Amino acid sequence: MDFRLTPDQDSLISAIDKLAEQFANKPTDFHGFALQGDDLDRELEEGSYFDIAQIPELGPLSAAMAVERLARLPFTAEIALSMLVRPHLSGEWPRPIAVVENGRPGRFVASAKTILVIDGDSIGIVQPPPDALEPVESLFAYPMGKLKTITKTTRLSDAEAANVRKWLRIALAAEASGLLQAAIASTIEHISLRKQFGRPLGTFQALRHRMAECAVLAGGVKWLALKAAGTADDGDAALAALHAQESATRVIYDVHQMLAAMGMTLEHPLHLWTYRLKALLSELGGRGGQATAVAEHCFAE
Amino acid sequence: MDFAWDVEQDTFRSTVRAFLAAHLPSDWEALAHGPGTELQSKFSKKFCGELAKAGLMVPHWPSRWGGRDADPWTAFILAEEMWEAGEPRGGQYMNVNWIGPTLMRFGSEEQQARYIPPMARGETIWCQGFSEPEAGSDLASLRTRAEKLDSTYRINGQKIWTSYAGHADTCFLLARTSPGKGGISIFLVPMDTPGIIVRQIPSLIGEGDIHEVFFDNVAVPHSALLGAEGQAWEIARTALSLERVGIPRFALATRMLHRAVKTLKKTNRFGLGAIEQAGKARAACEAARFYSYSIIDQRRHGVTAGPEASAARFATVMAERLVSEFVVEHVPEALSGGDSMLLAHHQRGIVAGIASGAAEIQLNLIATDFLKLPREPR
Chain L
0 MDFRLTPDQD SLISAIDKLA EQFANKPTDF HGFALQGDDL DRELEEGSYF
50 DIAQIPELGP LSAAMAVERL ARLPFTAEIA LSMLVRPHLS GEWPRPIAVV
100 ENGRPGRFVA SAKTILVIDG DSIGIVQPPP DALEPVESLF AYPMGKLKTI
150 TKTTRLSDAE AANVRKWLRI ALAAEASGLL QAAIASTIEH ISLRKQFGRP
200 LGTFQALRHR MAECAVLAGG VKWLALKAAG TADDGDAALA ALHAQESATR
250 VIYDVHQMLA AMGMTLEHPL HLWTYRLKAL LSELGGRGGQ ATAVAEHCFA
300 E
Chain F
0 MDFAWDVEQD TFRSTVRAFL AAHLPSDWEA LAHGPGTELQ SKFSKKFCGE
50 LAKAGLMVPH WPSRWGGRDA DPWTAFILAE EMWEAGEPRG GQYMNVNWIG
100 PTLMRFGSEE QQARYIPPMA RGETIWCQGF SEPEAGSDLA SLRTRAEKLD
150 STYRINGQKI WTSYAGHADT CFLLARTSPG KGGISIFLVP MDTPGIIVRQ
200 IPSLIGEGDI HEVFFDNVAV PHSALLGAEG QAWEIARTAL SLERVGIPRF
250 ALATRMLHRA VKTLKKTNRF GLGAIEQAGK ARAACEAARF YSYSIIDQRR
300 HGVTAGPEAS AARFATVMAE RLVSEFVVEH VPEALSGGDS MLLAHHQRGI
350 VAGIASGAAE IQLNLIATDF LKLPREPR
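Chains L and F supply the protein sequences, listed in that same order.
With numbering that gives the first Met the number 0, the residue at position 268 of the first sequence is 267, and numbering never jumps.
With numbering that gives the first Met the number 0, the residue at position 349 of the second sequence is 348, and numbering never jumps.
Chain L on its own, in the form it takes in the complex (with noise of 0.2 Å):
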């Protein structure tokens, strides 16, 4: 165990916070769903950051690190499954990779080069065509599609479609640990700042506790993001997304109340990172799926 960042890790982390420093503020005039990031994708690709667990110095922690780091941002792009899925699948299937799940609008699908579909038990892996393809229209904050039409997938094998979904959770931990450390965030800085009976909201004990227990929440989803993509474990992964669906569930309640009918405008960011945590609830399954994995991994015995 050692969990100092190698070289290696401490510059990348130093140049990808430098690249997300100009994607840091949600534009003042936008008051939509989904901030998509066009520009934020181009320069991570022309920079070669999808393909930063390829690299031996880096590998899928480092990846998850990068993940982590750039789900903070009120822009998003699809970014986790390029980093950390891609490397795993056999063949080369080009980016945006997005995720359609028993027929359901998946994030990113109306602009996916490449498409997982899960059907149950079995993910089938396609290129969809451009007019398979349908934008929708959603509350939550990332641009939501939508397969038209089911074109024929090639199915993974049972061993590829696990370590597939292995690595869709522990890409879904990476990206929820950034939403939730950004939410909190965003509303550390809310409640230090606005005031009421005559002093800030923060320094009233009963609001404390709650983004107290918030940040202990996310800290460990974090943890247990970065371990998870550390070990490739599947007991690991399976934690760390029902660790990150189950946080989530509790840190989008409490910092919606924290900001009140602030958190309800569009003017304010909140709900770039909670409407997307929304999103990732309902993924693989969801609570349940990831428990159930939990049982089959970690209490085989």
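These are calculated hints, taken from the structure and not from any lab test.
A quick note: this is a predicted structure, and the numbers were derived from the prediction, not measured.
Hints may be right or wrong, so weigh each one.
Chain F stretches covered by chain L per the calculated footprint, using a threshold of three residues with CB under 8 Å from any CB of chain L [as the list claims (entries may be wrong)]:
1) 195-209
2) 256-262
3) 312-324
Using 27 Å as the maximum straight-line C-alpha spacing, the simulated DSS-like pairs for lysine-lysine come out as follows [as the list claims (entries may be wrong)]:
4) F/K371 x L/K17
5) L/K112 x L/K147
6) L/K194 x L/K145
7) L/K147 x L/K277
8) F/K41 x F/K52
9) F/K371 x L/K194
10) F/K371 x L/K25
11) L/K194 x L/K17
12) L/K194 x L/K25
The beta carbon of each residue, even a glycine, is placed where N, CA and C say it ideally should be.
Given chain L's structure and the hints, the job is docking chain F onto it.
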């Protein structure tokens, strides 16, 4: 960043496990129930003596004090394995974790020579005289008084919720030497000093665990003062920072969760509801584990943990609670004579959010020192 154990760490863990396998009696699980009982206290002294002979009592202590200067990971692996086994060291884990190291840092030569070697040999039990009827989380309001006379301090007052006091040889006692927060001092008081009366408090935790301790004109020499008068706050802060992640509760909680699941599987009771709850509890245990590991990693690299230690403690409390609730809901027979280890775990878990500083105090610390929220008005 690396999540794998190195060979030395793996070897050490195997050594500790082999020791436990060889030295825990076949009826250990029945014995493990009730850490303050006469039976377990007697066993723990014998066990700690054997542990010391095997070089496993205080490996992380300096060689001068019977250790081998092993790193904080060694100490924590030892703590994990012991707690997971049901803590056969009894109350002596406190000596190893924080009383010994605190004396090494703040004790006089005489105090060190008198108290540290018996700890390293596994021969002595200490109790912690902190809480009072009017001073729990608000420790600064304690009233037990130590009055300085010509050759002695005269101590009067009462402590409460004192673990292991019935079998303790020495008390790590907080007492007031002058008014105000800066007027608290620490005394090392032999429990056989005339004027000390110990009364057991029957409790949910188990027999012999918590006590009231009365000090009636107890006279101790000036040399019983640890550090300087009024230094208690500084010393206690150091001690508590070691204690906050001192008990790897997640280790036994994880083991007990697996045990409960095994019982459910055997009896075809591991259905969807239980699966979801067990998964959440297992994830919480793992989160607590890695929070705690992050503190140990900081220690390993010479960094004193700040508010992260409070976060680790709170994460551990949440994990302990989830496992305990899981057992109560799905394996309720454990609390009715069905499984002595699950019962022992449940009883120890009762104090998880209370002992060593209430969990809510940790939340205050996290809010102020980690989240940087403005302080509450006082």
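Are the Cα atoms of F/K371 and L/K25 separated by 27 Å or less? Satisfied, since the Cα-Cα distance of roughly 23 Å is no more than 27 Å.
Sort out whether L/K25 lies within 27 Å of L/K194, counting only the CA atoms. It holds: about 24 Å lies between the C-alpha atoms, which stays within 27 Å.
Per the coverage rule (Cβ-Cβ under 8 Å, at least three residues), is the segment 256-262 of chain F covered by chain L? holds (count 3)
F/K41 paired with F/K52 [C-alpha distance capped at 27 Å]: holds (17 Å)
Sort out whether L/K277 lies within 27 Å of L/K147, counting only the CA atoms. holds (23 Å)
Take a quick look at whether L/K112 and L/K147 sit within 27 Å of each other, Cα to Cα. holds (15 Å)
Do at least three Cβ atoms from the segment 195-209 of chain F come closer than 8 Å to Cβ atoms of chain L? violated (count 0)
Chain L covers the segment 312-324 of chain F, three or more CB atoms within 8 Å, holds or violated: Satisfied; 3 residues make the cut.
Given the hint that L/K194 pairs with L/K145, does the C-alpha gap stay at or below 27 Å? Roughly 44 Å between the alpha carbons, so the hint for L/K194 and L/K145 is violated.
Taking 27 Å as the top limit, are the C-alpha atoms of L/K194 and L/K17 close enough? Status violated; Cα separation ~33 Å.
Would the pair F/K371 and L/K194 pass a check requiring their Cα atoms to be no farther apart than 27 Å? The hint holds at about 16 Å.
Taking 27 Å as the top limit, are the C-alpha atoms of F/K371 and L/K17 close enough? Given that 27 Å is the threshold and the Cα spacing comes to 24 Å, the pair holds.
Checked against the numbered hints above, the structure violates hints 1, 6, 11; every other hint is satisfied.
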